[in-house]
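Working from the sequences, and respecting the hints, build out all of it.
In the order they appear, the protein sequences are chains F and U.
Just so we're aligned: 96 in this note's numbering is position 96 of the first sequence, and the numbers increase by one with no gaps anywhere.
All you need for this note's numbering is the position in the second sequence, starting with 1, plus 1000.
To be clear, the hints were calculated from the coordinates, so they are not data collected in a lab.
This one's a predicted model, so the numbers in the text were calculated from it and none came from an experiment.
Among the hints, a few may not be true.
What the hints assert, rightly or not - Keeping only pairs whose Cα atoms sit at most 30 Å apart, straight-line, the calculated DSBU-like set for lysine-lysine is:
id, chain 1, residue 1, chain 2, residue 2
1, F, Lys35, U, Lys1162
2, U, Lys1162, F, Lys100
3, F, Lys55, U, Lys1162
4, F, Lys100, F, Lys50
5, U, Lys1079, U, Lys1177
6, U, Lys1135, F, Lys50
7, U, Lys1079, U, Lys1099
8, U, Lys1079, F, Lys100
9, U, Lys1039, F, Lys67
10, F, Lys5, F, Lys35
11, F, Lys43, U, Lys1162
12, U, Lys1162, F, Lys56
13, U, Lys1039, F, Lys100
14, F, Lys67, U, Lys1099
15, F, Lys67, F, Lys5
16, F, Lys67, U, Lys1135
17, F, Lys67, F, Lys50
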Amino acid sequence: MMREKRRYLLVMSTNDIAQGTEKVFEVGLYNAIQKEMGNLYFKANPKIVKYIDEKKFVLRVGLDGYKIAIASLAFVKSVNDREIGIYTLKSSGTIRALLKDAK
Amino acid sequence: MSYLDGTSSKQSRDEYVEFYDIAHRGAVENRINEALGFKRIIEIGSDINASYSPADSIEGSIFIGKGEALRYAAKRQPKAICITDSRIDRSLIATMRDKDIVLCFGFNDLIQSTGLRRQAMLYMSGRLFAHAKRKGINITFASLARQKNMLLSYMQLIELAKLIGASEDHVRESIGKTTPGLIE
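Structure, rendered in structure tokens:
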């Protein structure tokens, strides 16, 4: 069976993600994305795989749904009842290429 | 594919083309344009003026409005018009085509809307886009953000424009060439 193809998105938030609160932030973010994507959430199935700093992180999404995920992230303006802005800066097939010029 | 400056790979395709966005002055922070992938974010209030009423000074500005005000505004030669309710006005579109006025789709209101209101806006924006494209109007896309968290990266701007029916190449050309043309 073919391994699922994935896309990695470099994402920046306007708010700091404090150390120790990552899990809470992740759950809130996934809920916010699901609210925007609706029944198409499963196509992207997003997961945060790496934190770069307090504002930037790498979001892994399925290749089938990554374009919808980028559009959905534009609509996410509140996570855990806190106002936020989410910017998708880059996308790549590997984390290595994604982070090449990120820092 | 390689370029003369030595960069290569598919990622360079985006870096090679320069993109522009338009936002209100309070939304733009120092050097945020670089992080979002734009060569420049054109600031309303400093780089270009915005008009909201036919009583304002319209020539050379972006007129943001709806309804009858748009027809009056179009006669006074703004650089661009943003139709906030996305309703198709055939005579307005004809005037815009004759006077070479750009139609600007701003996504700030769309992002702030929710539920069925957002779906209605997407539907009507799509209809307006299709009509304008068929009539040969110059079209561009912008965030028109009023706050920092309403800004969009170039990737998000492209994907939102595709939601209303634009092709990726059209959007890239619009935000790469048509948008900077507004301040020339």
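Hint by hint, here is what the structure shows:
1. In summary, the hint linking F/Lys35 to U/Lys1162 is supported, as the alpha carbons are separated by about 20 Å, within the 30 Å threshold.
2. Between U/Lys1162 and F/Lys100 the CA atoms are separated by roughly 28 Å; this keeps the pair inside 30 Å, and the hint holds.
3. A threshold of 30 Å between alpha carbons decides the hint, and for F/Lys55 with U/Lys1162 the separation of about 27 Å falls inside it, so the pair holds.
4. Pair hint F/Lys100 plus F/Lys50 holds up; C-alpha atoms about 14 Å apart against a cutoff of 30 Å.
5. At most 30 Å may separate the alpha-carbon atoms for a hinted pair to count; U/Lys1079 and U/Lys1177 meet this at roughly 14 Å.
6. A threshold of 30 Å between alpha carbons decides the hint, and for U/Lys1135 with F/Lys50 the separation of about 47 Å lies outside it, so the pair is violated.
7. Of the pairs offered as hints, the one joining U/Lys1079 and U/Lys1099 holds, with about 9 Å between alpha carbons and a cut-off of 30 Å not exceeded.
8. Taking the CA atoms of U/Lys1079 and F/Lys100, the gap is about 39 Å. The hint is violated against a cut of 30 Å.
9. This hinted pair checks out: U/Lys1039 and F/Lys67 have alpha carbons roughly 23 Å apart, not beyond 30 Å.
10. Proximity of F/Lys5 to F/Lys35 is assessed by CA-CA distance (about 24 Å); at most 30 Å being required, the pair is judged to hold.
11. Distance check on the hinted pair: F/Lys43 and U/Lys1162 sit about 18 Å apart at the alpha-carbon level, within 30 Å; holds.
12. For the proposed pair U/Lys1162 and F/Lys56, the alpha carbon gap of about 25 Å is at most 30 Å, so the pair holds.
13. The suggested pairing of U/Lys1039 with F/Lys100 holds, with an alpha-carbon distance near 20 Å, which does not exceed 30 Å.
14. Our distance criterion of 30 Å between C-alpha atoms is broken by F/Lys67 and U/Lys1099, whose separation comes to about 36 Å.
15. Of the pairs offered as hints, the one joining F/Lys67 and F/Lys5 holds, with about 14 Å between alpha carbons and a cut-off of 30 Å not exceeded.
16. About 29 Å separates the Cα atoms of F/Lys67 and U/Lys1135, which keeps this hinted pair within 30 Å; it holds.
17. Simply put, F/Lys67 and F/Lys50 have alpha-carbon atoms about 20 Å apart, close enough for the 30 Å limit, and the pair holds.
The structure is inconsistent with the numbered hints 6, 8 and 14, although it conforms to all the rest.
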